[in-house]
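From first to last, the protein sequence lines are chains E and X. First residue of the first sequence? That's 74 in the numbering used here, and the numbers climb one at a time after it. First residue of the second sequence? That's 192 in the numbering used here, and the numbers climb one at a time after it.
If you're looking for bench data, these hints aren't it; they were derived computationally from the structure. For every residue, glycine included, the Cβ atom is placed at its ideal position computed from N, Cα and C. One thing to keep in mind: the hints can contain errors.
Cβ-Cβ distance ranges computed for the label pairs, FRET-style [to be verified]:
no.: 1; chain 1: X; residue 1: A341; chain 2: E; residue 2: A98; range: 54 to 60 Å
no.: 2; chain 1: E; residue 1: S108; chain 2: X; residue 2: G290; range: 44 to 50 Å
no.: 3; chain 1: X; residue 1: S547; chain 2: E; residue 2: F107; range: 40 to 46 Å
Here are the simulated lysine-lysine pairs, DSSO-like style, with alpha carbons at most 30 Å apart [said to hold, decoys possible]:
no.: 4; chain 1: X; residue 1: K454; chain 2: E; residue 2: K114
no.: 5; chain 1: X; residue 1: K219; chain 2: X; residue 2: K723
no.: 6; chain 1: X; residue 1: K410; chain 2: E; residue 2: K93
no.: 7; chain 1: X; residue 1: K219; chain 2: X; residue 2: K209
no.: 8; chain 1: E; residue 1: K93; chain 2: X; residue 2: K541
no.: 9; chain 1: X; residue 1: K269; chain 2: X; residue 2: K256
no.: 10; chain 1: E; residue 1: K93; chain 2: X; residue 2: K269
no.: 11; chain 1: X; residue 1: K269; chain 2: X; residue 2: K822
The primary structure of each chain is shown beneath.
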Amino acid sequence: MPTIVVEVMPKAEILDPQGKAVAGALTRLGHNQFSGVRIGKRFELTVDGPVTAETLAAAKTIAEDILSNSVIEDVVSISEAK
Amino acid sequence: MSTHVADTVDNAIATPDKVQPYGALGLKDDEYAEIRKILGRRPTSGELAMYSVMWSEHCSYKSSKIYLRQFGQKVSEKMKEKLMVGMGENAGVVDVGEGWAVTFKVESHNHPSYIEPFQGAATGVGGIVRDIISMGARPVAVMDQLRFGAIDHPDTPRVLHGVVGGISFYGNCLGLPNIGGETYFDSCYQGNPLVNALSVGVLRHEDLHLANASGVGNKIVLFGARTGGDGIGGASILASDSFDSTGPTKRPAVQVGDPFAEKVLIECCLELYREGLVEGIQDLGAAGISCATSELASNGDGGMFVELDHVLLRDPTLTAEEILMSESQERMMAVVKPELLDQFMAVVNKWDVETSVLGEVTDTGRLVIHHGGEEIVNVDPRTVAIDGPVYERPVAYPTWIDALQADSADKLARPQSGAELKDQFLSLVASPNLADKSLITTQYDYFVMGNTALSFPDDAGMIRVDEESGLGFAIATDANGRYCQLDPYQGARLALAEAYRNVAVSGAVPAAVTDCLNFGSPENPEVMWQFKRAVEGLADGCLELEIPVTGGNVSFYNQTGDAPIHPTPVVGVLGVIDDVARRIPSSWQDEGNNIYLLGYTRTELDGSAWAGTIHNHLGGVPPVVDLAQEKELADLLQGAAIESLILSAHDLSDGGLGQALAESVMRFGVGARVWLDEIIERDGVDAATALFSESTGRVIVSVPREDDVRFLGLCEARNYPVLRIGVTDQGGEDAKLDVQGLFEVSVAEIRQRSNETLPKYFG
């Protein structure tokens, strides 16, 4: 099935407690090569029929209005899954 | 990495004519001119950042200061007896006996909670809890006072779910019981909900800590979360305007909190106090490092040197101005003796709390901040933190208020028949402001820590302080915006009287007050008049009751569109109880007990829940408040509590006797037979008034039959009006409230009407 993938990340300036917790755990487990972790969200939107400019535009609208909270999050990508 | 170059003091001297974006930072022309006069030069961009946030209404109280002074002036010797720390510190501290003290404060987080309800409300809890920690206390409870827009407005669920979720998330993660609060709906709060957060902490007298930086050579230490680019209100302009066009662009004005980091911070601070490793301490809230450094220095020896490069950053691209203004959560600043620094570091390392030494206390009388080896701030800290601008803003008697007060509820049709009374009684029970709030309160932990003696839906929350002796405190908050709209002076006194009465009915002795004054724009002379009258009412009332205001907060600029909110001075009263085992619950638990009404009922329906719910009416003048009588009532209740004469006591306020009866039967499902004839006869009122009037100084109590004579003797000795108005009846499935000669309604139906309202809109 054709799928559109929307990725949302917490804004760069905003604290990401979840990412911070994982980063702390990695250090404790000895994986010192990673200095930071930030955790976002990935949405897979299934489409009946081909992905068109219209469906992508509709995905953009819901990504910005519904799937993300524009006060603290950014939509970083909207694309058709390969 | 940014190529941002900090604006140094030398640079400021060399370029006196550089145009600075003070207007966009919220400073007025004359305020900017005053800063230039104080410094004898233009401020650096860092100094401008500090002055702009510290001279903001939120931090400087520039419009309210001249009125708030009354809280310090209208005091008697008795009011000072128990007060260990009064207004001006992070929170007031009250001696509760046995070597224990309690600290408490209420603060607003209104605007962030509208933009981002969840994080706004969550960080509101986090902020007030840090105020409590910074006094040297262990936080033991929180409470929230919430005002939302109309219950049926499409935006209200977004705000309510976010706010309640944020409060429960942060408070529950911290493991703090939420023991009370308020929830009201009114369209005046539609575009500007009120989210006030209160916290209470407990400490031994010797653990008291204050926010001052004394002792030359003592180290200034920043610990807790790293500093990031969040919550930089005005700095969005700093970063995108003329300071530096290459810096990071727009910074979000809201913050995301991490309650688990705060929990660790609480335990870490308490260990630091126990080990005696801290000289002075301050939490970082609004205005971040700007506020902490300038306030600590002002309250101490006056001098401080800080190297901003030592601040641990989450985002290395932050400019100096942004570091100074960042409102990143979960941070504290401590003053530590150099010889204790190693021990201090051992404790913070044990708790995994990141820490850096920023500088030290000096005797220069100047707050000097370096960044990149250059001096970017050199100011007298008092000019930043204490001697900010003070405004006597224009005050105007509202043009509309005479007409509003003349529009009394006396002309509204009152129900006559039993059927009509029953119908309106149930409509009130189901109305959004009186309906069951468990949809909200069940999301909060309220027995965690194991010391909660009273909580929702009791009139006051109560916490045990000492597990051996049973010593405890009770706390209740109140504000009726409708009454304050009719008359802010009386409205504030009514809020005080009700919170005081709510504490008294729990069996505690009222001891101190905190307030959160939520108003519209101070630049509106009519709002300023409302504010002036409310503060006068509250200060006069506290003097009459002889309980001091220990601290609080002012929130201006609360408006929906151009319309200011109803003045909403939230008043919190804290009381002390020798043994929480002697607390008085607020509802009936057994059958066969006599129900007494204390106090007189007058025809006072103006501004009442009845007028609002049944007639959608707001007009007239609020009920009379007689604080001397409230004091007598509180004394009477304490006398009765000490002799264990009463089984329950419930304050009469919103919705009057009808609502108090409904709440008393619903809680434990115990029925009652009640008669209004004697109230009607003695007080010269009709049945509707007896049920729905909101006259003050009234409480219903239940008394076991065998204690009748002693209880009545107590009332007679104190000359307090008392009438037997009924008797509690059997519980169980058939339990009913029988208002004799008028109507009968099953407890199941009352419960159903009360319980169905909130889920209908938010379920």
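- May I ask which of the numbered hints given earlier this structure violates, with the numbers listed in increasing order? 1, 3 and 10
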